[in-house]
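Student: One letter stands for each residue in the lines below.
Protein chains: 2
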Amino acid sequence: MKKCIVLFSGGIDSTTSLYWALKRFERVHSLTFDYGQRHRIEISMAQRLARKLGIPQKTLQIDLKQIGGSSLTDTKIPLPEYEKLEEMEEGPPPTYVPFRNGIFLALAAGWAEVEGIKDIICGFNIIDSPHYPDTRKQFVEAMEEAINQGTTASLNEQKMRILAPFVKMKKSQIIKEGLSLGADYSYSVSCYSGEEIPCQKCSSCFLRQKAWEEVGQRDPLILRLEKEGKI
Amino acid sequence: MKKCIVLFSGGIDSTTSLYWALKRFERVHSLTFDYGQRHRIEISMAQRLARKLGIPQKTLQIDLKQIGGSSLTDTKIPLPEYEKLEEMEEGPPPTYVPFRNGIFLALAAGWAEVEGIKDIICGFNIIDSPHYPDTRKQFVEAMEEAINQGTTASLNEQKMRILAPFVKMKKSQIIKEGLSLGADYSYSVSCYSGEEIPCQKCSSCFLRQKAWEEVGQRDPLILRLEKEGKI
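Chains as they are written, first to last, in our numbering: chain A, 1 to 231; chain B, 232 to 462.
Treat the hints as calculated values from the structure; they're not laboratory data.
Take the hints with a grain of salt, since some may be wrong.
[Stated by the list, open to error] Facing chain B, according to a computed beta carbon distance under 8 Å, are these residues of chain A, among others:
hint, residue
1, Pro92
2, Pro98
3, Arg136
We treat Cβ as the ideally placed atom computed from N, Cα and C, and that holds for glycine.
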């Protein structure tokens, strides 16, 4: 049976990955990280969608507050507003969590090895969010090689793969891909502030809003919140 | 100031790494993982030596019981005895923790990035313990590349390095290296069973005993336990 693990944070990109994987694999395992993120509401939203889709869901605890160095894991480091982000120096924004995707992929690889799974799917992309070193194609390829050298895959003919199908897509293209696959974005949250209702100020809200405008549709999350009388 | 992180489990190899690093770096940070290991006594022993040496010590929590698949993290999987290990099939022994060193190095890299540290030292070696895919030179090189691609090192001229100075040494050679550096092994524990007093049955005890015989000295841990009347 063709099995895979999807790194599923509950945001737009990984929600699309989940639907992308469901189209291509017979058994899709959702893997969510409870990593001490400010916006931990994404965890319950991710679990909710996995439950709705009837797919196995695992939440791994790894407290990256122990490392810090990011406004997502250290509340003393303020969240950047999008406009201010533009003025910042080169290099990753304060929302970059040091080597987060390396840590997540390493844990996913360990779990994949135990489960006998060869493919790990992630929604990394770079066009709309440059300066994150751990979402680039070069990183994905290097990490795949490290996993193939450091696990029992090094002894097997069948290697492990990290698939990042949206790595060169804009966020609006990713949404269009998801919509064509029937993706439900109404419980997908992106806001860094940690509330279900988007703050509309942080860089993540800004990018999401811009992407839905480019798609030419209203954000299903906003539509749901309006319907529920929450906004 | 030349700074480094040493992956310090408290065993023979990483104790030697610590002394190796102290000779070469101005500031050595000890990093120990509390990963749900059966033999968690190694954590307090590692902390004890770091304290004695007066070096900064960090213990990171990452519960690999969440992943399982190893007799070190899942007590339902029995520890192999050395003789039986010889009879086993090719491939890693039950004490292999899936991609453990990939997970540890990924976390170390994230922490190194926050601290502005470029060098990570580890005591990996393969001669006496083959079949562990995540202690091989090829893995170390691939993981170094993944870290350099997935962190801000990708933007800098100065890259990160993973140094594994003992990767091609036998355990007895590693001990000799440590003794020449003045290493104190009297609180270094290796036994997988989780007691301070070695079980003398598990594969780790066997390898340690054999190494000290090759060195031609009595194990300082045994000498200390005898002196304290514990054995």
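Student: Now tell me if each hint is right for this structure.
Tutor: Here is what the structure says about each hint:
1. Pro92: It holds, given that the least Cβ distance between Pro92 of chain A and chain B is near 6 Å, below 8 Å.
2. Pro98: Hint holds; Pro98 of chain A Cβ to chain B Cβ min 4 Å, cut 8 Å.
3. Arg136: holds (7 Å)
In terms of the numbered hints stated before, the structure departs from none.
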